[in-house]
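Input sequences plus hints: build the corresponding full structure.
Heads up: the protein sequence lines correspond to chains A and B, in order.
Each number in the working numbering corresponds to the 1-based position in the first sequence with 37 added.
Each number in the working numbering corresponds to the 1-based position in the second sequence with 935 added.
Check each hint, because a few of them may be wrong.
Below, a list of computed lysine to any residue pairs in the SDA-like style, where the Cα atoms sit at most 20 Å apart [stated by the list, open to error]:
| # | chain 1 | residue 1 | chain 2 | residue 2 |
| --- | --- | --- | --- | --- |
| 1 | A | Lys131 | B | Phe1300 |
| 2 | A | Lys63 | B | Asp1304 |
| 3 | B | Lys957 | A | Ser62 |
| 4 | A | Lys131 | B | Gly1267 |
| 5 | B | Lys1185 | B | Ile1336 |
| 6 | A | Lys130 | B | Glu1291 |
| 7 | A | Lys131 | B | Glu1291 |
| 8 | B | Lys966 | A | Met128 |
| 9 | B | Lys957 | B | Ala977 |
| 10 | B | Lys1185 | A | Ala58 |
| 11 | A | Lys63 | B | Phe1300 |
| 12 | A | Lys63 | B | Tyr958 |
| 13 | B | Lys1014 | B | Val1004 |
| 14 | A | Lys63 | B | Arg1355 |
| 15 | B | Lys1346 | B | Ala1292 |
| 16 | A | Lys63 | B | Leu971 |
| 17 | B | Lys1012 | A | Met128 |
| 18 | B | Lys957 | A | Cys54 |
| 19 | A | Lys131 | B | Asn1264 |
| 20 | A | Lys63 | B | Leu970 |
| 21 | B | Lys957 | B | Ile1186 |
| 22 | A | Lys63 | B | Ser960 |
| 23 | B | Lys1393 | B | Val1268 |
| 24 | A | Lys130 | B | Thr964 |
| 25 | A | Lys130 | B | Gln1298 |
| 26 | A | Lys130 | B | Lys966 |
| 27 | A | Lys130 | B | Glu1297 |
| 28 | A | Lys131 | B | His963 |
| 29 | B | Lys966 | A | Arg124 |
| 30 | A | Lys130 | B | Ala1292 |
| 31 | B | Lys1014 | A | Arg123 |
| 32 | A | Lys130 | B | Arg1271 |
| 33 | B | Lys1387 | B | Ile1232 |
| 34 | A | Lys131 | B | Tyr1262 |
| 35 | B | Lys1185 | B | Tyr1337 |
| 36 | B | Lys957 | A | Pro65 |
| 37 | B | Lys1222 | B | Arg1355 |
| 38 | A | Lys63 | B | Leu1302 |
| 39 | B | Lys966 | A | Ser62 |
| 40 | B | Lys957 | A | Gln127 |
Hints are computed from structural coordinates only; laboratory data are not their basis.
Treat the numbers as computed from the prediction; the structure is a model and nothing was measured.
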Amino acid sequence: MDTGTIIIGLTIFVLACFAGAELISKVPPTLHTPLMSGSNAISGIAIVGALLATGHSETFSSMTLIGFFAVIFASINVVGGYMVTRRMLQMFKK
Amino acid sequence: MSNHSINLIYLLSATLFMLGIKYLSSPHTAKRGNLLSMIGMAAAIGITLTSPGLHGFTLIIIGIIIGTVIGGYAALKVKMTSMPEMVALFNGCGGAASALVAMAEFRGPNTGFDSFTLITLLLSMIIGGLTFTGSLMAYAKLQGLISTRPITYPGQQFINGAIVLVTLVLASLLFQNPGNTLVFFGILALSLLLGVLAVIPIGGADMPVIICLLNSYSGLAVSMTGFALSNNALIITGSLVGASGIILTKIMCDAMNRSLANVLFSAFGKVDESAATTGESPTGSMKGFEVEDVATILTNAGTLIIVPGYGMAAAQAQHATRELADYLNEQGVEVRYAIHPVAGRMPGHMNVLLAEADVPYEQLFALEDINDDFASTDVVLVIGANDVVNPAAKTNPNSPIYGMPVLDVEKARTVIVLKRSMNVGFAGIENDLFYMDNTMMLFGDARSSLQKLVAALKQ
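Take a look at the structure:
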């Protein structure tokens, strides 16, 4: 990986941390549990890496197998996370 | 689709995730936010599947179906009281996924990693691995599968430190020879072990902080994977989650007036004989009252603040609480709820439990928004809360909870405390509030006490 790519990546990381902190500090305490489960769900974005690992080649290898398990774990995270968040948010009424 | 188009869709996904969190700034827009976030995730997954040269679709679909069934079933079945455990488990899955992706990269055809990729892959595997086992331990503690008391042994921190050191040494070995399988599995095993050992000395009452921290770790692991794969969507999303976890960790620590280091290393809540004897015992006596006496006080109140604690949820008394509040509201009493940040088992947990019992969110107030109002309030009803209403936090420098922000309930004209028994709270601390002249104790199961109260009021 060339240094330019690394620096762009680090720049994005730092800026996103600050943007995230700004957004999250505006979430009221009432919604902190849905915030946790919802942010939990988006951390399942690791599924992207899992898909690429599972499908990296036509031949079955240890990478395929590990990737397959990563897909399972990430899907649990994504689906479960969004569904509990939805369940909770539906309960908040005026 | 070309890599550039794919990256643009990833950017769209990251934007939708950010909007999702932005819309969480109000309960009114929160559902829309969750939907946007879901669309972002679906777009990211969908576009990844169109990557050039991707194979194994059958296997991928099977994996997604298995994960969807497990995650969906768990999400539908979980009780709101068990939400902290559930979030811990999902979080553990996220950590595991990041660690597995890193492992898959190591096992893949590319072995000529440059140092940056190698470092980020290793970090992703280590952080993801310890998030996985740490979350499982947090789950086991919250669920009562293992002792909620801190588990300590001599030299504990020395051993943990040694493990970190050995992991670093192994990592440098792998640096020299990325193909060394033995070293690779050694690092994996140690990171899994570290997750277990780091969480067992932490008491059950501190698990909310740990869940927040592990949430942050899982985000960090995702960011590291993003660096390794040069995937900006992962970097951005991971840092959002990391920031969210850290902010909530800080909120929880501040609410207990403790540093993160203190939470992680002090084994708070360990049975300590000396703590129980320090400090003076309260003067005066606890005054137990009957339901009818309490009903009379409530009838004559103009303003009421309800202070729920986890004891209320443990007694399944949320609905009975809301019935009482509704009845009094109809009679013209102004009813509000004061929610301490650590009232539940995770940040915002109490709000969710009350929302489930159909309490309107406008009646819920955070500590800093309502604390000044207690002095002008007629009646405060404390249901299953103890340490968060203990005035010793303000007055007794010897108290273990001294300095913790507490609700100033004792300033109200009358304080009614619903309590199961005369026992002390989790921290094992006497509560002066229960002995004060303006405090009325109503002993018994919170739910049946509340039901009797409603019946007495309606007569």
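Evaluated hints:
no.: 1; hint: Lys131/A / Phe1300/B; in the structure: holds, 14 Å
no.: 2; hint: Lys63/A / Asp1304/B; in the structure: holds, 15 Å
no.: 3; hint: Lys957/B / Ser62/A; in the structure: holds, 10 Å
no.: 4; hint: Lys131/A / Gly1267/B; in the structure: holds, 19 Å
no.: 5; hint: Lys1185/B / Ile1336/B; in the structure: holds, 17 Å
no.: 6; hint: Lys130/A / Glu1291/B; in the structure: holds, 9 Å
no.: 7; hint: Lys131/A / Glu1291/B; in the structure: holds, 12 Å
no.: 8; hint: Lys966/B / Met128/A; in the structure: holds, 10 Å
no.: 9; hint: Lys957/B / Ala977/B; in the structure: holds, 19 Å
no.: 10; hint: Lys1185/B / Ala58/A; in the structure: holds, 12 Å
no.: 11; hint: Lys63/A / Phe1300/B; in the structure: holds, 16 Å
no.: 12; hint: Lys63/A / Tyr958/B; in the structure: holds, 10 Å
no.: 13; hint: Lys1014/B / Val1004/B; in the structure: holds, 18 Å
no.: 14; hint: Lys63/A / Arg1355/B; in the structure: violated, 37 Å
no.: 15; hint: Lys1346/B / Ala1292/B; in the structure: violated, 28 Å
no.: 16; hint: Lys63/A / Leu971/B; in the structure: holds, 18 Å
no.: 17; hint: Lys1012/B / Met128/A; in the structure: holds, 15 Å
no.: 18; hint: Lys957/B / Cys54/A; in the structure: holds, 14 Å
no.: 19; hint: Lys131/A / Asn1264/B; in the structure: holds, 15 Å
no.: 20; hint: Lys63/A / Leu970/B; in the structure: holds, 19 Å
no.: 21; hint: Lys957/B / Ile1186/B; in the structure: holds, 19 Å
no.: 22; hint: Lys63/A / Ser960/B; in the structure: holds, 6 Å
no.: 23; hint: Lys1393/B / Val1268/B; in the structure: holds, 14 Å
no.: 24; hint: Lys130/A / Thr964/B; in the structure: holds, 11 Å
no.: 25; hint: Lys130/A / Gln1298/B; in the structure: holds, 11 Å
no.: 26; hint: Lys130/A / Lys966/B; in the structure: holds, 11 Å
no.: 27; hint: Lys130/A / Glu1297/B; in the structure: holds, 9 Å
no.: 28; hint: Lys131/A / His963/B; in the structure: holds, 8 Å
no.: 29; hint: Lys966/B / Arg124/A; in the structure: holds, 10 Å
no.: 30; hint: Lys130/A / Ala1292/B; in the structure: holds, 10 Å
no.: 31; hint: Lys1014/B / Arg123/A; in the structure: holds, 14 Å
no.: 32; hint: Lys130/A / Arg1271/B; in the structure: holds, 15 Å
no.: 33; hint: Lys1387/B / Ile1232/B; in the structure: holds, 14 Å
no.: 34; hint: Lys131/A / Tyr1262/B; in the structure: holds, 18 Å
no.: 35; hint: Lys1185/B / Tyr1337/B; in the structure: holds, 18 Å
no.: 36; hint: Lys957/B / Pro65/A; in the structure: holds, 11 Å
no.: 37; hint: Lys1222/B / Arg1355/B; in the structure: holds, 14 Å
no.: 38; hint: Lys63/A / Leu1302/B; in the structure: holds, 16 Å
no.: 39; hint: Lys966/B / Ser62/A; in the structure: holds, 18 Å
no.: 40; hint: Lys957/B / Gln127/A; in the structure: holds, 18 Å
The structure fails hints 14 and 15 (numbered hints given earlier, in ascending order).
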